[in-house]
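Visitor: The chain contents come next:
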Amino acid sequence: MSSFDVELVRKDFPILERTVGDGQPLVYLDSAASSQKPRQVIDAMNAYYEHHHANVHRGVHTLAEEATAAYEGARDKVAAFINAPDRREVIFTKNSSEALNLVASVLGWAGEPYGLGRGDRVVITQMEHHSNIVPWQLTCQRSGAELAWLNLTDDGRLDLSNLDEVIDASTKVVSVVHVSNILGTINPLDAIVRRAHDVGAIVVVDASQSAPHLPLDVQRLGADFVAFTGHKMLGPTGIGVLWGRAELLSELPPFLGGGEMVGTVNMEGSTYAPIPHKYEAGTMPIAEAIGLGAAVDYLTALGMENVAAHERELVGYALERLGTVEGLRLVGPQTAEAHGAAISFTLEVEGLGEIHPHDVGQVLDEQGIAVRVGQHCARPVCVRYGIPATTRASFSVYTTKAEVDALVEGLEYVKRFFGA
Amino acid sequence: MKLDSMYQEIILDHYRNPHHKGLRDEFGAEVHHINPTCGDEVTLRVHLTDPGSGQDAVVRDVSYESAGCSISQASASVMSDLVIGKTVAEALKVGDVFLELMQSKGEAEGDEEVLEDAVAFAGVSKFPARVKCALLSWMALKDATAQALAAGADVAQETKESGAQ
Numbered sequence: 001m002s003s004f005d006v007e008l009v010r011k012d013f014p015i016l017e018r019t020v021g022d023g024q025p026l027v028y029l030d031s032a033a034s035s036q037k038p039r040q041v042i043d044a045m046n047a048y049y050e051h052h053h054a055n056v057h058r059g060v061h062t063l064a065e066e067a068t069a070a071y072e073g074a075r076d077k078v079a080a081f082i083n084a085p086d087r088r089e090v091i092f093t094k095n096s097s098e099a100l101n102l103v104a105s106v107l108g109w110a111g112e113p114y115g116l117g118r119g120d121r122v123v124i125t126q127m128e129h130h131s132n133i134v135p136w137q138l139t140c141q142r143s144g145a146e147l148a149w150l151n152l153t154d155d156g157r158l159d160l161s162n163l164d165e166v167i168d169a170s171t172k173v174v175s176v177v178h179v180s181n182i183l184g185t186i187n188p189l190d191a192i193v194r195r196a197h198d199v200g201a202i203v204v205v206d207a208s209q210s211a212p213h214l215p216l217d218v219q220r221l222g223a224d225f226v227a228f229t230g231h232k233m234l235g236p237t238g239i240g241v242l243w244g245r246a247e248l249l250s251e252l253p254p255f256l257g258g259g260e261m262v263g264t265v266n267m268e269g270s271t272y273a274p275i276p277h278k279y280e281a282g283t284m285p286i287a288e289a290i291g292l293g294a295a296v297d298y299l300t301a302l303g304m305e306n307v308a309a310h311e312r313e314l315v316g317y318a319l320e321r322l323g324t325v326e327g328l329r330l331v332g333p334q335t336a337e338a339h340g341a342a343i344s345f346t347l348e349v350e351g352l353g354e355i356h357p358h359d360v361g362q363v364l365d366e367q368g369i370a371v372r373v374g375q376h377c378a379r380p381v382c383v384r385y386g387i388p389a390t391t392r393a394s395f396s397v398y399t400t401k402a403e404v405d406a407l408v409e410g411l412e413y414v415k416r417f418f419g420a
Numbered sequence: 421m422k423l424d425s426m427y428q429e430i431i432l433d434h435y436r437n438p439h440h441k442g443l444r445d446e447f448g449a450e451v452h453h454i455n456p457t458c459g460d461e462v463t464l465r466v467h468l469t470d471p472g473s474g475q476d477a478v479v480r481d482v483s484y485e486s487a488g489c490s491i492s493q494a495s496a497s498v499m500s501d502l503v504i505g506k507t508v509a510e511a512l513k514v515g516d517v518f519l520e521l522m523q524s525k526g527e528a529e530g531d532e533e534v535l536e537d538a539v540a541f542a543g544v545s546k547f548p549a550r551v552k553c554a555l556l557s558w559m560a561l562k563d564a565t566a567q568a569l570a571a572g573a574d575v576a577q578e579t580k581e582s583g584a585q
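If you read the protein sequences in the order shown, they are chains A and B.
The opening position of the first sequence corresponds to residue 1 in the working numbering, with each subsequent residue numbered one higher.
The opening position of the second sequence corresponds to residue 421 in the working numbering, with each subsequent residue numbered one higher.
Only chain A is shown next, with the shape it has when bound in the complex (with noise of 0.2 Å):
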């Protein structure tokens, strides 16, 4: 598709037909949270499991064959969307978060040289969803490394000014979010990424909010491992993906022990599977491995630069559309360069101050619209400036400037609902 038609892309998401509450058409600006499918997916799912499904790497007979094709079809399509250098390097995993607690695990495990111990230092920011946050705050626990942190200027964006005191030389790990899901900011990663090789950590970038909107090449990113999740990129829920540098995977200690991520397995020890299936152990989610494959399918032949033009477009009309309600402050980025496909904001009303999120949510879903509310796994940015929580309006390529508008009279309506 040379020219992006996005009237033409809702035609293949079935869901965006459906209506809710009273009839009201779905306006679904709840993409940074999971993004509808579309037929292609759903199709290619159910046609795995109609006609060739059977475990992978484990049979002789005819489905087992096909199903492993599908399966590893499906690795070769995310190593070809994401610019890996080797498919060996792409490793299916759960979501974002399994991908992220598997590098951090597996780093607090390794010994020399890469492992983490007392003395040494992690890095990752006040902008990172929880599932940054928390895995490295186990792996610190565990090993004795110190946690520390870029921090927020007050328009959302990372605090740069003392990068080299941040990552010093006993930084070993540099953990930082390419795409912020709560404040739609796009971090300039370069800066982050010489800095961090200069002292020599290992970079992990959670790609999950960027995987979706940008053209996303995981060489030119310059990082060692990057992750990212399925569901939000037009895939099922349930398949994730770590990427990371061959000779990295091969030399850090396995995560989750089971069944075919062994080479031989003795009584007293085993030995282990080359990358990837060091890093799969058990049974993985082959249906879903397939489905994003054909999410990548589908995202490729949109081409991903025409989808980073639909959202960029989105994102200046809505940044534009929401400055003139009156009471609406954003939370993040207040301009449209480097916004990624997320406006995070808070609404108040003359007479009662700021209306919370959740009744917003509430009254907006009346309408037919979903938003998302609370502190989108990121409280650490709500405490940063000071909010219970915000509204988040995301988009995807199915968004339109019609579902901005709406949302705006949506607002308007809230206010009117909740003024006294």
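Be aware that a few hints might be false.
Distance condition first, Cα-Cα at most 35 Å in a straight line; then the derived DSBU-like pairs of lysine-lysine [claimed, not checked]:
id : chain 1 : residue 1 : chain 2 : residue 2
1  : B       : 552       : A       : 415
2  : A       : 94        : B       : 552
3  : A       : 401       : A       : 415
4  : A       : 401       : A       : 11
5  : A       : 94        : B       : 546
6  : B       : 441       : B       : 562
7  : A       : 415       : B       : 441
8  : A       : 11        : B       : 546
9  : A       : 94        : A       : 77
10 : B       : 441       : B       : 506
Honestly, the hints are just simulated from the structure, not real lab data.
Since we're looking at a predicted model, the values are computed, not measured.
Assemble the complex: chain A is given as a structure, and chain B must be docked to it using the hints.
Guide: For chain B alone, kept in the frame of chain A given last:
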């Protein structure tokens, strides 16, 4: 399901003009409760008359500072209206009746004799995500009265012991 069944005018009134709000200096116990799903928070103080008398102690004052959604705010206001002046046993009984209403999934109307303004929350029970908001201050009250009674029992015990010397 109409949203109006959740946002009753009584609820919106309490939300806009909460009763008994603000922390007051006289109290036997203070607790801080949060509802992590939406970040509602309440700091609640309870002041009992003669806390050494256990369940018969009277709730003289409930004061609170809170931040959160209309449901949690209004519920704290309605709750303090309901329990101030009652004995601990009576107050907790009302709390149990309210809990039952919140767990009714929209099936119960609530006993207005017991719950007064709190029957307006019947509609909230149809929204599972919001039930915790309505219950937040009631849970805080339960916790605070238990702590105030425990502290009162200690004091009563000490008084008895020092009196015996």
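Visitor: With reference to the structure, classify each hint as holding or not holding.
Guide: Outcome of the hint check:
no. : hint           : verdict
1   : B:552 to A:415 : holds, 24 Å
2   : A:94 to B:552  : holds, 29 Å
3   : A:401 to A:415 : holds, 22 Å
4   : A:401 to A:11  : holds, 16 Å
5   : A:94 to B:546  : holds, 32 Å
6   : B:441 to B:562 : holds, 18 Å
7   : A:415 to B:441 : holds, 23 Å
8   : A:11 to B:546  : holds, 33 Å
9   : A:94 to A:77   : holds, 18 Å
10  : B:441 to B:506 : holds, 18 Å
The structure fails none of the hints (numbered hints given earlier).
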